[in-house]
Amino acid sequence: MKALLLYKDRDFETDQALPWNEDALTQDLSLNTLFEAMAGQDKFVLDIARKVVLSGSTDLDTILYRQEILRDCLRNPSVLREAYQVAVDAIEEKRKSFWAFFSHRSPGSVLYGAIESLQIFVSKLKLLRNIADEHEHEFRSSGFSRLVAMLRQELTDEYFEEIESHLRYLRSDHDVLVSAKLGAGNKGTNYILRKPPDLRLGWLKRVRLAVSRKSEPYTFHLDPRDERGAEALGNLRDRGINLVANALAQSADHIQTFFNMLRTELGFYLGCLNLYERLNEKENHVCFPIPSPVRERRHSFSGLYDTCLALTTSAKVVGNGISADGKNLVIITGANQGGKSTFLRSIGLAQLMMQAGMFVSADSFTANLCSAVFTHYKREEDTAMESGKFDEELSRMSRIADHVTPDSLLLFNESFAATNEREGSEIARQIVTALLEGRNKVFFVTHLYSFAGTFYEAARENTLFLRAQRLEDGTRTFKLEEAEPLETSFGQDLYERIVANSDDTKRRNGESYES
Amino acid sequence: MKADRGKKKELRSTQVKNTVEARTPFYGILSGRPDADSLNGVTEMPECFSDLNLDQVIDTITRGKERYELRPFFYSPLKDIGTIQYRHEVMRDLEDLTLLDDIRSFAQGMNTVREYVELSTKLSYKYQKERWFLDAVGVYCDVVRNLLGDLTRADVKSRGFLAFRDFLATYVSSNPFTSLCSETEIVLSQLSQLKYSIIIRGGSFTVRKYNSEVDYSTVVEKTFARFNKGATSDYRVKFSDPLEMNHIEAQILAFGSQLFPDVFHDLNNFCEKHSDFLDETIVNFDREIQFYIAYIEYLAPLKQADLKFCYPQLSEPSVNIPKDAIQLYDYECFDLALARKLVSEDSPVVCNDFYLTGQERIFVVTGPNQGGKTTFARMFGQLHYLASLGMPVPGRKARLSLFDQIFTHFEKQERMSSLRGKLEDDLIRIHKILEAATAQSIIIMNEIFTSTTLQDALFLSRNVLQRIIDLGCLAVCVTFIDELASMSDSTVSLASTVASENPALRTFKILRKSADGLAFAMSIAEKYRVTYEHLRKRLLS
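Chains as they are written, first to last, in numbering that gives the first Met the number 0: chain A, 0 to 514; chain B, 0 to 540.
Mixed in with the good hints there might be a few duds.
[Stated by the list, open to error] One side of the interface only, derived from the structure: several residues of chain A facing chain B at Cβ under 8 Å:
#1 Gln84
#2 Val87
#3 Ile90
#4 Ser105
#5 Val177
#6 Arg193
#7 Phe219
#8 Leu221
#9 Ala231
#10 Ala248
#11 Ile254
#12 Ile426
[Claimed, not checked] The calculated lysine-lysine pairs, modelled on DSSO-like cross-linking and capped at a C-alpha distance of 27 Å, are:
#13 B:Lys78 <-> B:Lys194
#14 A:Lys123 <-> A:Lys1
#15 A:Lys194 <-> B:Lys396
#16 B:Lys508 <-> B:Lys396
#17 A:Lys194 <-> A:Lys180
#18 B:Lys512 <-> A:Lys180
#19 B:Lys221 <-> A:Lys7
#20 A:Lys123 <-> B:Lys228
#21 B:Lys228 <-> A:Lys125
Bear in mind the hints are in silico, worked out from the structure with no lab data behind them.
Source: prediction; values computed, not measured.
Ideal placement from N, C-alpha and C gives every residue a C-beta, glycine not left out.
Using the sequences and the hints, build the whole thing.
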């Protein structure tokens, strides 16, 4: 039995390796803000949200499959929460159960531990079945429909009765029938507990009857004072139930794995639901993105905003719209504090969220899937020595180059500026040119005018130039518009406002947009 | 017991001779000579062992193999080149790693046989003892047949292995052995097919024949199959399985023997019939082959560290005429004990070359302390001793000499009670050595007479060395007295060296070079930066 809510045909592997650059992604795209909003107080959801978002899919069907399921969840929030809680309870109650505190040193304690776990699990499986029965018709997605049908089909009352009859039999303390063979030195070995021929008839009775009827000759009665004998006999009994205790404990593990998986996969959708509700509070719209195949070049959207900024600011965030279909290079220039970094982050976040199967923060959004997302951001905290900083930047670039596969999306934020403009531009040009020829898509926020200018003069069809908008009076709208790169980034304005101008309100406003 | 063994062996070799005329009789894997048993008597460690650190080497080699009592073999240097070659041949065969593995599994099997036989005598319940005995015979049959198969497959060339293979072939196809094997198999298969059930109640149990009841764990697995996710933890509890039976188990076995009387009757007959199943020649082979295996195992880590070993050529010791031209050498050789230690610490091992040619007989080693002088002296003795065992020796290529005895005189700190006492002690020991030594001996002296004045030391050393020169035997003499190095045509001056670019670094290389003492003094000055160049720079700054 599998939940199959993240993939049509397989479990989500919670221990899969995350991309090598998960730290950089998390830092550059403020992913922790996103994860925390998804998790609420639930650490488990935080963990699963992180894993799913960072290990996005490149398979269109998988993404659409999840979108469908997520739509179901957004329509039935209480059912989702109820089912998630059942899975949580199953795992927690088992963890706190009496026998869980015993080490598994004897087959007896293994057996009783397994029986206790199974009793807990059976009661939770019944709850799940009830939820399935009750809400059978409220789910439209193929994922949930399958799950509901499976629960109703596999977890029948007869099946519960079969399990319970085993548990009843194994729990009771009665005579056992154990088979054995001769091992080394003619000592008994291969002790195996045998099932009484007919469980319902009462095997105990049958054996007793058999013994009394034939009065079997090879019977040995222990002296009541023979403690070592009793212990030896107990030991044989333990050996006998060893295998069945193992089988039962493993079965309990398997069911626990089912609950874990259910919790994991529902947990992701619960995270999405939480995020949806958080964004809704401030009337931030979301939409389900339209993904297109990896090989295509699409990037068109309207009202795209930075999810994380929306989560942390009280102000209304500004959305951007561009249509960059067919483009593989987007160069963003323009005023400082003009929303360039925020825009770049919204691109990255939308890409990850889309590939995780989530909605995105936009009015509409379509983009091609990419094989991987990389961020290369200027790092402020590094060494004061310029040469060391540049060295570090290139070494990071080199590590990225180790991992880039065709159809990657690379986000550069003021990279390679830790040297003079000409050298930095030349290096940036060489790197970007190589990346484009390697069939990748690049978004590059830069002040390196020579770099931007070179591409502008080349007038490639598949380059798009965006510029942070600046009105005539110098105020910023935080909107990006399609425009050729300008040689100055209006640092002068910034200086004016922050240093020369004492308007506090304006300043605070500006700071909140700082990336 | 020992006499017994001898008698049996004689019987067997005559038997073999009678049946197959052309075959060489097999006297043992250590020697092709009928007197091979003489190797067994030596239990006393040769005196030179501790000075040469051969005691450490042999300790390590024999560790974990105590049951084979290999020490006597290592304490018996050979005097005849024939037997040494016999061993070289065997050793070369064992370079075939497959054969080596085969021999190892044979040894393991024979161990198991011994263990089982011991259990069959030690344990207390009849059918338990008998089963261990049966199992011992079963393992023995397999092991012997496998060994013959392995030796037939392997391309053995040595006289030792060829003769042993012939012996084994005759033995394995002999009637007694084939019927031993088939009887074992019959009884074993009968026992292994027995299956019974125990009904365990609170205070009693019943044993009866197994009646095909279903394994309950498979029933459980089937019920929960729909949740199966593949691998999970193993919850089977491991039971300690003492070899002894408790009285409950014994009672169950007793009931079992009553349930299946025929099978246990056969077992009983078998044990009575085959109480003496081990063949003495095979038992001896099992022990003696370990001499080679043990040495190979000692060399393994050294070979991995890229150290070289070779089969030395051997020359008879010069026949009492000091004027005989000799030719001895070993290239890229090293101290076997030290190398083992260094390799285990991942430190590099320094190899040295030496040769003696024409009239040369005696190495006089001088040079800085801690430069490898003692190690060189020790190594010279080791190499000759190991060669005399018929073993490969450290080095890429070697020609070494047989000897009648190796004498060593190494300074011993702990013996120093008073100066006079020590000097006297030294002289007494040296006198004894000179008395006992012949032209065929090897003498190794390390830093003698350090406890007296230079004048005394010079006088005594010269005299002792002259006696050795006159004797015409091989010798290594480590000394701080440069004058000794050029006493005669038969002495060769060697010196330990330091790296020229950094005198503080010792190279542990011992080279042929005159003991002028100058390079030595200079290197010390370099080391302390008190040369002219150094001092000028230092004083300037």
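Index of numbered hints that the structure contradicts, given in increasing order: 1, 2, 3, 12, 13, 15, 18
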